[in-house]
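Asks: Read off the chains here:
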Amino acid sequence: MNSRERVARAMRHEAVDRVPVMCQLALGHYFLNCQSAPLDIWHSTESFGEALVALQRRYRFDGILINLPGRDPQWRSYIQHIETGADGQTIHWKNGWITECPRDDNPHVLRPDKSRFFVAFEEIDPDSLFYIEPHDLSGTSYPYCWGFSDDPAPGTSFFPPWQCDTIRYVLRATDHVVSVHSEIFSPFTQLLELLDYANGLMALLDDPLKFKACLKALTRGTIEWGRLQAACGVDAILISSAFAGGGFISPQQYSEFVLPFEKAVIDGIHEKSDVPIYTHTCGRIADRLELMGATGTQGIDTLDPPPLGNVDLADAKKRIGDCLFIKGNLDPVNIMLKGTPEGVICEAQRCLEIGAPGGGYILSTACSVPPHAPPENILKLAEAAAGFDVEKSNRSGVETGGMTLS
Amino acid sequence: MELQEIAEFLIIGHAERVEILTRQALEAGYSANDILQQGLLAGMDVVGIQFKNCEIFLPEVLTCARAMKAGMRHLEPLLRGSTTTSSTGKCVIGTVKGDIHDIGKNLVSLLLQASGFEVVDLGTGASMEKFMESIQTHRPQIVAMSAMLTTTMTQMETNIATLRKQGLLEGAKVLIGGAPVTAQFARDIGADAYGRDAMEGTAKARELVQSLKNH
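Sequence order for the protein chains is A and B. Numbered by this note's numbering, the letters in the first sequence go through residues 1 to 406 in order. Numbered by this note's numbering, the letters in the second sequence go through residues 407 to 621 in order.
Isolated chain A, as found in the complex (with noise of 0.2 Å):
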């Protein structure tokens, strides 16, 4: 079984030889631990493609989470001189923007004036929405245009010809043996992004209504590029929703402004293709798992233990773990970034032996893997899946009354 199949099968929940191991990155530690520079894994596709297979294989995961999308070839030539300083590098482009890329984070991209752009909500017109794409090289903007090319929308999509060069690259790269997943936005995510997270807040109780328009809006573009990705044959799409947790909204507001768009938005790509989509929402989630699979997710990310969050994986297992697939649990923080090989051994040990029995579990970090996480303790969470008996854990999970292997 390679580790496709092996990733394909646990979020089927079939019967797998051991569980899948694949964690998401911060990009930050892809600029920590790879050999291109953070300015170049940033904004070039060959470069992040590079530093995305190199570190699947130097942790043995089973699967790659492509998290930024293809880069303009011509980057380059927008940019007037590049500064370096202790921190890190900033290109100043030639229409006076600035990007700050810190050696160990995600770059910011600022105006001339060095303030962020953002947009107001009353500017908004909800029919010239389509998709924000928060990574995109000059950030987000109104009305969308990628990049710093004068062109609004190249090509005759509105998505440039250089959006799925990463996928491309990283499929080519793992030639079709390695689990290959992708990234959309959900359409709360794009409208916060736009907005600034406390301004798109308030709008969702200022305007409710308009609000709800943009997010249809966005939720057209989302299924667009998530048809996209599914045509070039990744092996699922995850739905980054970071903002959807209990940190931030409540479960009612997660009814009216996520449910309905996030569900559109896999339905509309299920239309198209059977690409499995799952969702990747951080923080406080236990009071939301059942709203979660309402949306017609196959699988969640993260679920953060406490303190950061406040999911029990026995707890999630028993609500959700027949019907999705779960990825995480693992406290990126406290274990991965604080904690020791060993430490990182035995929580992996106590995942594997609540989430494995019945399948449908993908060893995992809940949230990213922190930029400064040391390597040795990543490189433990594929030790503790080889060293961990799926069969045992099965027979022990039916003894118990556990779910069984479908």
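Hints were generated in silico from the structure; no laboratory data involved. Keep in mind that this is a model prediction, so the values were computed, not measured. The beta carbon of each residue, even a glycine, is placed where N, CA and C say it ideally should be. Fair warning: there could be bad hints in the mix.
To be verified - Derived DSS-like pairs: lysine-lysine, alpha-carbon spacing no greater than 30 Å straight-line:
(1) A/LYS212 / B/LYS458
(2) B/LYS536 / B/LYS619
(3) B/LYS475 / A/LYS114
(4) B/LYS458 / A/LYS318
(5) A/LYS338 / B/LYS496
(6) A/LYS210 / A/LYS272
(7) A/LYS114 / B/LYS458
(8) A/LYS338 / B/LYS458
(9) A/LYS338 / A/LYS272
(10) B/LYS496 / B/LYS458
(11) A/LYS263 / A/LYS338
(12) A/LYS338 / B/LYS571
(13) A/LYS318 / A/LYS392
(14) A/LYS216 / A/LYS263
Said to hold, decoys possible - Not the full set, but computed from the structure, chain A residues with beta-carbon under 8 Å of chain B:
(15) MET1
(16) GLY28
(17) GLN74
(18) HIS108
(19) TYR197
(20) LEU201
(21) LEU204
(22) PRO208
(23) GLN253
(24) PRO307
(25) VAL333
(26) LEU337
(27) PRO341
(28) GLY343
What the hints assert, rightly or not - Some residues of chain A that are not near chain B, with every Cβ distance over 10 Å (derived):
(29) ARG111
(30) ARG116
(31) CYS145
(32) PHE158
(33) ALA198
(34) LEU209
(35) CYS232
(36) PHE248
(37) ILE249
(38) ALA314
(39) GLU376
Since chain A is already given, all that's left is putting chain B on it; use the hints.
Replies: Relative to chain A, chain B alone:
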């Protein structure tokens, strides 16, 4: 009019009404401090309880804070010299270097101001030098730091160690908060308190000032 009415509109996040009622209360002869205590802060106390009990979430808290700010605009100039409020304490607050997140920090800043603190807000991405300079200038009782990222939470440790080494935390207490931050982390890095959310952070700041007064 009753000051309770201001509290009621604040609890539902109605900024316009809070602003109008605050202005009317001043015109009716109420003191700025009474309006603050019995109107705005009374309302915010209820908001804090509702938030703690998960009856309301961040969107509601933010709109209540916006309403509070609308009222505060009229009270601030009058409160600035008032002995009742200026005695609470001074706070230098900022999101640490490398971090651009400020929802929590802004809420704490607002609530501290409302509680009578003189707040020096360093904004986001505040460098160590900025904290040092501000502490030297303002001599605060509270130094509050926020970080939303695992990459930046370690900056708080560096800041605390350096500020202590430089003797800049004598007579001051450090309060920290942010999504990846825990009470244990606060203890590990030598912070004096941790606020799980803006309400708790504000309450902890008050306690810390009280503990300084008691010594």
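Asks: Determine for every hint whether it applies to the structure shown.
Replies: Now the hints, each set against the structure:
no.	hint	in the structure
1	A/LYS212 / B/LYS458	holds (28 Å)
2	B/LYS536 / B/LYS619	holds (27 Å)
3	B/LYS475 / A/LYS114	holds (26 Å)
4	B/LYS458 / A/LYS318	holds (27 Å)
5	A/LYS338 / B/LYS496	violated (33 Å)
6	A/LYS210 / A/LYS272	holds (29 Å)
7	A/LYS114 / B/LYS458	violated (36 Å)
8	A/LYS338 / B/LYS458	holds (29 Å)
9	A/LYS338 / A/LYS272	violated (43 Å)
10	B/LYS496 / B/LYS458	holds (26 Å)
11	A/LYS263 / A/LYS338	violated (37 Å)
12	A/LYS338 / B/LYS571	holds (24 Å)
13	A/LYS318 / A/LYS392	holds (19 Å)
14	A/LYS216 / A/LYS263	holds (11 Å)
15	MET1	violated (34 Å)
16	GLY28	holds (6 Å)
17	GLN74	violated (28 Å)
18	HIS108	holds (6 Å)
19	TYR197	holds (6 Å)
20	LEU201	holds (4 Å)
21	LEU204	holds (5 Å)
22	PRO208	violated (10 Å)
23	GLN253	holds (7 Å)
24	PRO307	holds (5 Å)
25	VAL333	holds (5 Å)
26	LEU337	holds (6 Å)
27	PRO341	violated (18 Å)
28	GLY343	violated (14 Å)
29	ARG111	holds (14 Å)
30	ARG116	violated (7 Å)
31	CYS145	holds (22 Å)
32	PHE158	holds (28 Å)
33	ALA198	violated (5 Å)
34	LEU209	holds (15 Å)
35	CYS232	holds (31 Å)
36	PHE248	violated (5 Å)
37	ILE249	violated (5 Å)
38	ALA314	holds (22 Å)
39	GLU376	holds (17 Å)
Hint compliance for this structure: hints 5, 7, 9, 11, 15, 17, 22, 27, 28, 30, 33, 36 and 37 are broken, all remaining hints hold.
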